[in-house]
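Number of protein chains: 2
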Amino acid sequence: MEKSNGLLIVLSGPSGAGKGTICHELLRQLPDVKYSVSATTRNPRPSEVDGVDYFFRTREEFQSMIQNDELLEWAEFCENYYGTPQFAVEQSLQAGIDVILEIEIQGALQIKKRFPHGVFVFVVPPSLSVLSERIHKRGTESEDVIRKRLETATRELSYVTEYDYVIVNDELDKAVDKLKNILVAEKCRVKRKPYDFQGV
Amino acid sequence: MEKSNGLLIVLSGPSGAGKGTICHELLRQLPDVKYSVSATTRNPRPSEVDGVDYFFRTREEFQSMIQNDELLEWAEFCENYYGTPQFAVEQSLQAGIDVILEIEIQGALQIKKRFPHGVFVFVVPPSLSVLSERIHKRGTESEDVIRKRLETATRELSYVTEYDYVIVNDELDKAVDKLKNILVAEKCRVKRKPYDFQGV
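Residue numbers (UniProt numbering), protein chains in the order written: chain R, 1 to 200; chain W, 1 to 200.
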């Protein structure tokens, strides 16, 4: 049997659904999975580190990356750019390393066109009221931004049908377990196996 | 969100691949999953109990079940009939109970036509020499039957492409874990969710 490529796991869903927390916990539990660091023009939150959580860039720098075709996908969201540098992702997959991306829905749909064999996971909050509460608690956005996010989230829920899996994030541990189960299952999928039964 | 139907898990693969052992262990670990007892005309092995491992039937009784359309699938294999009584399976699925079937490949392909949303898992031995060893160790078949089974197994491996998942049964615990992961993952699949986001 040939060596398989790594899995590209795309974790997406409405803002505030908790995909960042799930992603972080998965990486802690499965250190062999590699996180694809995104580039963004938004301001760092207090705990965030440049080059670890995001590559924080100015609008000018980001636009230059777009023009040089250095991004796998990019999107403008709440007046900030977000994007995924292409080179690192492809190199890891070819080396058999699983890569996880945590991105907004517009970006995920762009990735799907280029990586139809990626594993597309949609994280949803248990309800819109929980979502609103979570965004408020984070306390990093103004009321106007929060209102916009909730409107966007409501609209975005309808994109679930574009995804392979949906995880309702009611309890972090359960949600992370589901994601881990999805990874194991996907590695057993026949369509991912370059079968050669001469060796069996 | 509506109540989902149970999953129909179809565990299949060449004779001697160990699907029976995997199935047995899964049922021990997940008592909520229901085993669909098959009917057969073959002789019981020493440890097997009628109505628990199989419904052991005469050829005449089996042919009457075929004529009365009481079987979801049936096949003749090594000069014996094997089949799956339909009623019990459908009733369980509709009640939201997961059902596992452990059947030969011909039977699995018949099931797939009627239950395209079933989860089709192909269990393969690590190699044909291991397969031969396992059938010999079981010691319940004649040399002639064993030779026939190995020929059939070689041919049957090519059917893997008809399945959703493949599990290489090199270690029982790992194989059972993979199957359990597949069940959790399948329950997260978007295509299985009757989504109604009014409630979200």
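Hints are not guaranteed to be accurate.
Since the list gives no way to pick out one identical chain from another, each pair is judged satisfied if it fits inside one copy or across any two copies.
Derived pair list, reagent style DSBU-like, types lysine-lysine, alpha-carbon separation capped at 35 Å [what the hints assert, rightly or not]: (1) K148 x K191; (2) K174 x K112; (3) K193 x K34; (4) K174 x K34; (5) K113 x K174; (6) K148 x K193; (7) K113 x K187; (8) K148 x K112; (9) K34 x K137; (10) K148 x K187.
Since the hints were derived computationally from the structure, they do not count as laboratory data. This structure is a prediction, so every number in the text was calculated from the model and none was measured.
These are the hints, each one checked on the structure:
Taking identical chains as interchangeable, the C-alpha atoms of K148 and K191 lie at most 35 Å apart only when they sit on different chains, with a minimum of 29 Å there against 40 Å within one chain. Within a single copy, K174 and K112 get their C-alpha atoms as close as 26 Å, and across copies as close as 31 Å, so both meet the 35 Å cut-off. In the homo-oligomer, the alpha carbons of K193 and K34 lie at most 35 Å apart both inside one protomer (21 Å) and across protomers (29 Å), since each shortest distance falls under that limit. In the homo-oligomer, the alpha carbons of K174 and K34 lie at most 35 Å apart both inside one protomer (21 Å) and across protomers (24 Å), since each shortest distance falls under that limit.
In this assembly of identical chains, the alpha carbons of K113 and K174 lie at most 35 Å apart whether taken from the same copy (30 Å) or from different copies (34 Å). Proximity of K148 and K193 under a CA criterion of 35 Å is satisfied inter-copy only: 28 Å between copies versus 43 Å inside one chain copy. Within a single copy, K113 and K187 get their C-alpha atoms as close as 21 Å, and across copies as close as 25 Å, so both meet the 35 Å cut-off. Taking the shortest alpha-carbon separations for K148 and K112, only the intra-copy value of 26 Å comes in at or below 35 Å, while the best inter-copy value is 46 Å.
Proximity of K34 to K137 under the C-alpha cut-off of 35 Å is restricted to the intra-copy arrangement: shortest distance 29 Å within a copy versus 44 Å between copies. With identical chains, the CA atoms of K148 and K187 are at most 35 Å apart between copies only, with a shortest distance of 32 Å across copies and 38 Å within one.
No hint from the list above goes unmet by this structure.
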